[in-house]
Each structure stands twice: as structure tokens, then as C-alpha cells.
Amino acid sequence: MNGTMTATGTAAVTLQVALVAAGAPLLAGLMRQVRALLEGRAGPGVTQPFRDLRKLLRKEAVTPAGTGSAFRLGPLVLVATTAVVAALVPLASTATPVSGSADLILVVALLGLGTVALALAGLDTGTAFGGMGASREMTVAALVEPTILLAVFALSIPAGSTNLSAIVSGGIHDPVRLASPAGLLSTAALAVAVLAETGRLPVDNPATHLELTMVHEAMVLEYAGPDLALVELGSQMRLTVLLGLLASLSAPWGIATTASPAALVLALVLLALKVALLGAALAAAEVFWAKLRLFRVPELLAGSFLLALLAVTASYFLTGE
Amino acid sequence: MTHATTALLLTAPIVVPLATSAAYAASGLRDAKARAAGAAALGHRTPRQRGAAAPVATLVLRPGHGPATYGTTPAETADGPSYGGPGARAWPGTRPGGSPGGPGTGSDGIAGPDTGPGAPAWSRGRPAAPAGTGTGAGPAGRARPGRGPRTGAPGPVPRPLTGRLGLVSPAAILTCGAALACTVPDSGPVTAYGRLLRADALTVWMLLTVGAVACLACAANPAHLAHERTDEPAARRYHLLVHAFLAAMSAAVLAANLGVLWVAIEATTIVTAFLVGHRRTRASVEAAWKYVVICSAGIALAFLGTVLLYYAARQAGIPEAYALDWQTLAARADRLDPSVTRLATGLVVLGFGAKAGLAPLHAWLPDAHSQAPAPVSALMSGVLLSVAFAGLLRYKVIADAALGAGFTRTLLAGVAVVTLALAAALLLAQRDCKRMLAYSSMEHMSLIALGTAAGSPLALSAVLLHMAGHGLAKTVAFCASGHIARLCGTTRIGRIRGLLAHSPCLGTAFAAAVVALLGLPPFGLFASELGIARAGFLSGPRWALAAALVLMLAAFAALAARTARMLLGPPPGEDDEAEPVPLGADAGAPLVAGLAACAALGVTTGPLTRLLSEAGEIIGGH
Amino acid sequence: MTDSVYTQLLDLACGAFLLAAVVVLWLRQLSSIVRVFALQGVALAAVAALLGLHEDRLGLLAVAAGIGLLRAGALPRLMLRALTTGTPHRSHPHYQEDVSETRETQPLVNVAASLLSAALLTLLAYAVSRPLVELNPTPATRALPVGLAVVLIGFFTLVTRRRALAQMVGFLLLDNGITVTAFLAASGVPLIVELGVSFDVLLAVLVLQILTTRMRAAFGGTGIDDLRELRD
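Protein chains in written order, with our numbering: chain A, 1 to 321; chain B, 1001 to 1622; chain C, 2001 to 2232.
It is possible that some hints are incorrect.
[To be verified] To spell it out: a stretch of chain A is covered by chain C in this simulated footprint if at least three of its residues, at any positions, have a beta carbon under 8 Å from a beta carbon of chain C; those stretches are:
id	region
1	168 to 180
2	249 to 263
[Stated by the list, open to error] Simulated coverage check for chain B against chain C, where a stretch passes if three residues somewhere in it have a Cβ under 8 Å from a Cβ of chain C:
id	region
3	1009 to 1015
4	1247 to 1256
5	1481 to 1490
6	1547 to 1559
[Unchecked claim] Calculated cross-link-like contacts (lysine to any residue; reagent style SDA-like; alpha-carbon spacing at most 20 Å):
id	chain 1	residue 1	chain 2	residue 2
7	A	K55	A	S69
8	A	K291	C	L2027
9	A	K291	A	F153
10	A	K55	A	G43
11	A	K291	C	R2028
12	A	K291	C	P2131
13	A	K55	A	R41
14	A	K291	A	I157
15	A	K291	A	A280
Source of the hints: derived by calculation from the structure; they are not laboratory data. Idealized CB from N, CA, C, for every residue including glycine.
All chains should be modelled from the sequences, with the hints used to inform the complete structure.
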């Protein structure tokens, strides 16, 4: 019994990471395709990001003169941290060997580590755009991290633990929590934070290469070849993981809470569906949004921080004892 | 006293001003019709205008102001709701003459006199007779005793009603106050309408103060409007609002229910907003905006306090109908939850403090008082502040019983010292005459708050005496400042010189009012300030009193120096006129009456002594 | 209605009520601010109606309907009128959109800082209302901090916003907060007081609307910063 449990749990973790790593380019392709269709273009197809990655990986690795280890390690750290987060977060199953370590604070710290690694890499190039991008990225990150922490913290109050698995399984067993003001507010705050963290509209335009408005792209402007492929994959995986986390927290139905393989398969399918849906919805929304001017971004993030804080207070003073 | 008489006495101070207000509104409607009818009405009105214009014209007749300025203006005041309302003769002290057996149609209001010899109660009957039937055909026998026809008036033309009608409601308030003053100290508090209205000694004292000050201010109204060159609808709106204002203040004083008290006090804000913005200049619009926003928001905090008190009362097991009843709350205050009551009291002090001109929400006061027409400034400064503070006193009784006296004492003493410091600092740098008086009001309100903080019976009686004395003296000062503003064309202290030489009567009146405000004998404020200081050093927060005395010295010096500058010296235009400008009897009478009353209060409280001490006991706690 | 559903709905209504106050701070367009204020009025009426259903008091339902009409209907309409009176209509040949008139462009405290202040104010309200909740902990009184938070946010809006209309909304937020406090604490004040208060609020808004029109006539705009005639 214990053996099967561990085996299924391990399988769940492996499958989760594999699904995220393989699905991330697909998700990016899907979102671009939705956008293209809505804008009346034919679009390159869902698998285009795969082809891009393959093309980049075949190229020769080039690093700018004068860059150090930070530049070379940045993409690796980004992908590695994201993969660890993908393993920890209860996307498909709450009963995994690592679910005991799936602590909220650890997850946020890992995400922050990836951001910092990339920002350092951007600074390492010594170019104006790299520095500018890094500075903007850190400004946004400084506002986003506390919001994510607070939002998930609000969800953790009814569960009595900051362990993400406990929060998610609590949500499955007591769906009323999710419709409470605290649950709704923290979901809204988390959604805004995810948009900012993954560099989507209205905080950052992932499709732009106009220097003055870039945030994320400015930072990785100097990358080429396999390094660029890693950076792209890392960003796509972050988007996938965060959308998956959002889906797990706000609509946890279908996530396996036991070690049954059938439940796990169902959970993986549902996860893919949920994330695809969220991604499509986001892409559709992006068609109608304009990018905020940079100095309005703190307003948006302060707003989402406030929502998260209200969620925390609400979970104390409304239903809390 | 029968139940009906009680009900009448408690209702009249609210209903009569309301009815008067309605009369002005109705006259507006009637007038619109008349205008549509054509020139007949116009011709009918013309001789009266002149009759009204003459008495108030004295001040304008000087070089610089063309005599033509008032040629048409008094028409508005003249064209009041009509002329001959029976029962419009109502001076303080006299009973309303009435139409015996007038068409008693059952509309609420008053007209005919009660025939009982001892109790000057108002009988219920036709209100504002002028409003309903005033077609100008009523018996015009309303010649004021001792005042003949004016200079320039073509024959004994009856004066337009406006002036007299304006005095009906203050007289009603004063008369009801007097009637209650005869009975309440002996037979205890009375209630009416299922404990909606209630009169105890404190109510009666406040009612008398409101009535007296309102009489002075309303007597000064016609002269003021005549000189302001107000057009007809504006004048009518002015009267309408003034009387609604009086009704709201009476309601605030008489309310037994703390919620109703709040509603009435908020109503005073709404009603006076357009009075402050009466002139529609940039400055007055600004003052009105600040006034409404700050006062409404401040007083909303008081409502929050009231709501919390209601919550505490409901939790203490008091049924819904009585949970805001002041008497019930005061009697059962010991059962209220202390921490909730503490929060509620803090909010109420902040909220009613805003309306009473206490820090930190006092910013509206100098603006509103300086921009409002002088009689309205007088009413606002003289009684509105005190009425709001009287509301605060009601809450203090409850808070003291629930929390012990220490909490409100510290709170009020702190607020008082801060307010006094602000007022003294701004008085020192003041350059505008009306703003100076406004800051002096803040100074006096903080003294009142300090006396309340002291809390001994002596202090509380002194506080009530101070309210009345300040009301009278400040009314005289504001009304005089209105005349000064017209005489000199400015309210800037730097541009006013030699008032005593320029217009001796006016100068003397203003000087006397300021002397009263400075707290010098023989005026009532001397006695009350002495009482507050003595009581404070005996019982109260000595630190606050010591600080207050130092600050008062600064305020005293500032007020005295600025007034001296305005009063003394040669008049500005030295060559052309050596002849001093006389103050018309119409304009002068309220000033003299106010000063006399204030001085009388300083010498003795006479028959009111018992009322005063009982009112002091009420707020001293049970 | 079971107790848990009642609690859940009450919490949702209170959450929406608080959220509306926050969104008012967040927005710049004055007409959107007024619309959000109207939504808050709906949430307030919902709170009153829920309490009425829970306590089986028909009177409270009637009060709820009245409050909904006043605060989600009449007051927003009056304010929108204050926004448009005195300015030429869109179809007017001289129409020229004055951005500074229709938007809160320069608040005393910028929007991000306002939102953070609102967060602090909410925490303050929570701290202050502890004794209130402890006196009688029920689902309704547990939501009392929401009322106090909206009162504080309303006061903050009143102090920091520099457009006449935004100040009006601040005052009304304050008032909404007090009303919801009354409902949550004691199922509303007695009817006569409630009527008086509603009437006073309606008149106050009317007065402010007329003063706004006068201000536009006298100053050429509704910026509070233009009001600097009177100062010491």
C-alpha cells in the first residue's frame, strides 16, 4: 500500500513536470493562435513554439564579449527553479512524496530566485537595455511577490497551514471557502499577480520589441541560440505553472487526493484542459487590452496587493473565528 | 399643565418657524401668480416700498453710495408674504395678538392667543395666517408701540409684513421657553408625542437662548436685506431658510431621541448652506462648499457614534423603541458596554465638536461665519454652536455614567486647549473683522468645553450662562459688523478707522459688544468666565485651565488691539463730512437690546437662577 | 434560508460593499466612480434585505428597498447630473472635452499610495472594531469592520480627492459605511431616525449638487484646489 502510494506519488510528480515542460510551448502556441484568430490572421499553428525552440537549439551558442557566469547561468537557473516549482505545486495530485515541502513561501522564493537570476543576467551584459529591463523587472517583482504571498496566505487561513497541498485539498472538501469573499478576493489578486509575474498584458507586452516599452524582452535581448531557447522555455513554463496554480487554488476539482492511478490520469487531463482554457481566455482578453504606461503599473499592483490584503482581513473578520 | 398644553408648548417652537417658512414659500408662489396677472399688483405695492425703504436708508445716505441704490431694493423685503396677517404682532414679551375666532381650519400653527391669564400658551389654530389668507386685506392694526411713521414715509403707511412676520417665530420660541421656564423647575421634565419631544431645564435654557438671539437676529434681518440690495426671490429664500434654520435648532434642542437630535443638527447644516452661499460670490461659494462638506462629514461621525451607542444599548437589553431615548439611556448607562461606549463618545465629541467649532474639524467656521450675511452669522455663531454643544452635553451625561467622568474630562479638556491655541494664534494674525469674531467664537466655545470638562455644578451653570451671554454679545457684534461692512465697504481691519468718530452709535455698540466678548464686567461673560475659572481651579484639569488662561490672554490682547484700531483715530475721509453717520433706530434697537440683556445677565440671572442651577444639575450627571 | 447560506451571502454582500469602496479609490473617471458607488448601494440594500429575511422582519425589507432606491438610484443620478450641468452637451458645436473636469487627475495622494492607505485603514478598522465584535459575536457583527473600513476610506477620499464630485462620493461612502454599520450592529436604527437620516442625506447631496453648479459658474471648474479665496 505504502509502496504503491509512493510509486503513484512519484509518477504524479514526474508526470506533472513532464506535462509542464512539454505543455508550456504548446500553451504559448495556443495563446498565439487564439490571438491570431481573433485578430483575423491565419496564425502559425499551435506547434510553432516547438519549431522555434528546435531551431534555436540547433544554433551555435554565442555569448557577448565581457559577460560572466551570471549571464550563462541565468537561463539554467530560471528553467531549474521553474521545474522544481512544477514538481512541488499540487497541480495534479496532493498526495506526492514532496507535497510536505510544497510550502507557499518556498514556492514564492523559488519563483523569485528565477526572476533575480534573469535580472542579474540582464545586468551582466552591461548594455543599456539589459539594465533598464532588469530594473523594471525588479520593480514589478518587488510588488508582485508580496501580493502572491498575501493572496495565498488568505487562502491558507481557513486551511490552517501554508502548505499548498493542504490548501488545495481543503478547497476540494469545502467548496464554500472558494466562494467566500476571502476566496474571491484572493483569486482576483492572484490573477493580477500572475499577469504581472509572467509579463503579460497589461503589465508587459510579450510580443513587443519596441525598446522603450519592453520589460522582459529588454532583459533577454542579448541572448541567442540555445540560451535563448532556455529563456523562452523558462518563461513559458512559468506561465504554465502559475496558471496551473491559479487553477488549482480557485477551481481545485478533479485534483487527485489519493494515490489512485486512474484519478491521477483524470487529474492530468483536467489540468491540461483548465490551463488551456485559462490561457485561451487570457489570450482573448489580451486582444482587448492595451498595455498600461509603466508608471501606472504600480497602481495596478498596489490594487492587487490591496485585494490580497482585504482577502486576508476578510478571512479573519468575516467567517473567521 | 395639561397634556395638550404641554404638547403645544413643545411643538410650537418647531412648528411656528416651519409655518413661517412655509408662509414665505407660499408668498413666493402667490407672487409669481401676481406677476403674471400684470401691473395691478405692482401699482399696489409701490407706496409700501417707500415706506419700508426709508427707515433703513439712513446708513446708506452718505457720499460714495448713491441714494438711488435703495430705491427699489426694499421692495423685496416689503413684498413679504403679505400684509395683514392677524396675529403678526409679536415682540418678545408681548403676546401674539390674534384673530379671535379666526378661521380655525385646523391647519397646524398658531395665531390666536390663549385666553388663560397666567400661561401665555399658543393656541393651535391657523398658522401663519398671512400665508393662507394674506391677501393684503387683513386688519392692519399692527403699529408698533412707540414707533411712529418713519421719516420719508408718506403718511402712516403700514410697514410691510416681512419684518414683523420674521419676528413671529423667534417670539414663539421665546414665549414657549418662558412658559416652560415657569413650570419645568417645579414640576419636572415634560414630554410629548410618545417621548419624541422632551423639555427639561437644559432644554428650556437653550430654548430661551435660541429665542432671545433669534429675536435680535431676525429684527436685524430687514435692515440687512435692504442694504444688501437683495432681489425679491432671493430675499424670500433668505427668510424661508432663516426660519427653517430656527425650526431645526428648536427641534435639536427639544428632541428626546438622540437620533432625532442628530437629524435636526444635520438639518441645520443643510438649511444654512445656502444662507452662507447667499451672495454667490466666489468667496461665499467656497465657504458654503467647505461648510457643507466639513460639517456633514464631521457630523456623520457623530451619527456613527450614535449608532454604536444604540448597539451598546440594544446589547444592554434596552428595547428598540427606547434605545436612543436620552432619558432611558442616561438612567441605564451603567449597563452599557464600556469599550463600545468609549468609542462612541470619542466619535460623538469629534462629530458634534465639528459643528460646535472645536478642533480638529473647525476649518469651516471662520469661512462660513465671515461669508454668511451678518444676521445669519450671528445666529450661527451665537446659538448654532451652543445648540451643537448642548447635544454633546447630552452624550456626556451618558458617557459619564457609563465610563466615569475621567474620559470625557480628558477628551474635552484636550480638545478645548487645542482649539483655544488655534483660535488665539489665528486671532493674533487676523486681518478681517468678521473672521476675527469667528475665531473669538472658537475661543469661547473652547472655554465652554473647558468648563464642561471641569464638570462641577458651579462650572456647568457657568457654562450655560456663558452660552447665553456669548450668544447675545456675539449677535450684537456680528450685526454691528454687518453695519460696519456697509458703512466702510470692507471688513478688512486695516481699512476701517475711526469708527467712533464716523458713526458714534455704531462704534459704541460694537465696542460694547467686544468688551462683553473680552469678558469684562458688567456683562454676563465676566460672571461666567469667572465661574469657569474658579470651578476649574477647584476641581477640574488644572493644567488645561492654566494653559487656557495664558492663551486667553493672547486672544484678549489681539481682540482688544484690533478693535481699538478699528474704533479709534480720525475717520477716513477727513475733509468732506464732519457729520457723523447716525445709526437708524431700526438697526440700532437689536444692538441695544442685546447689550442690555447681556449686561442684565451679568448682574443677576433673576428668576432664571433656579432654572440655571437645575440645568447644571442635569448635565452634572445623576 | 439556512444559517450557513445566510452567513455566506451576508459575507459576499459585505465583501462587495468593501470592494466597491476600494474601487472608487482606484478609478479616475468620475462617471465610473459614480457607477461603482451605485453598485455599492445595491450591496448595502442586499445586506439590509438579508438581515430582514433572516430575522423575518418585513419592515426591514421595505427599508432595504427604500435604501436601494435612494442610494443606488436617486443619489447616483443626482451626482451624474452635477457632473453634466453647466457644461455644453456633446452635440454642441463648442463642445470640447475637458479632461480635467471629468477625471480625478491630480489627487492629493496618488492612486497607488491611496490603495496602500486603504489597506492600512482596513487594518485600522479591524483593530478598532474588536470590542464591537466581542460584545456580541454573530455573523453580522463579525462583518462590522467592513462598515468602519468604508467609513475610513470615505473620509480618506473626502480629504485627498480634488474634484467636487469625488468629494461628494467620499461623503456618501462615509454615509454608506455608517448605514451598513447600523444594519450589521443592530439591524438598523429606528425607522424615524432612518427616514430622517435618508432625507438629510438626500438634501445634502442636492445642496452639494447645486453648489457644484455654482462653483462651475463662479470658478469655471469644479477643482477644489481653485477654492483659495479664504485662508489665513
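Each hint, compared with the structure:
1. 168 to 180: Coverage by chain C holds for the region 168 to 180 of chain A (3 residues, Cβ < 8 Å).
2. 249 to 263: violated (count 0)
3. 1009 to 1015: violated (count 0)
4. 1247 to 1256: violated (count 0)
5. 1481 to 1490: Our answer is that it is violated, as 0 residues pass the Cβ test (under 8 Å) against chain C, missing three.
6. 1547 to 1559: With 0 residues closer than 8 Å to chain C, the region 1547 to 1559 of chain B misses the three-residue bar; violated.
7. A/K55 with A/S69: violated (24 Å)
8. A/K291 with C/L2027: Holds. A/K291 to C/L2027 sits at ~17 Å (cutoff 20 Å).
9. A/K291 with A/F153: Roughly 29 Å between the alpha carbons, so the hint for A/K291 and A/F153 is violated.
10. A/K55 with A/G43: holds (19 Å)
11. A/K291 with C/R2028: Holds. A/K291 to C/R2028 sits at ~17 Å (cutoff 20 Å).
12. A/K291 with C/P2131: violated (46 Å)
13. A/K55 with A/R41: violated (23 Å)
14. A/K291 with A/I157: violated (34 Å)
15. A/K291 with A/A280: holds (18 Å)
Checked against the numbered hints above, the structure violates hints 2, 3, 4, 5, 6, 7, 9, 12, 13, 14; every other hint is satisfied.
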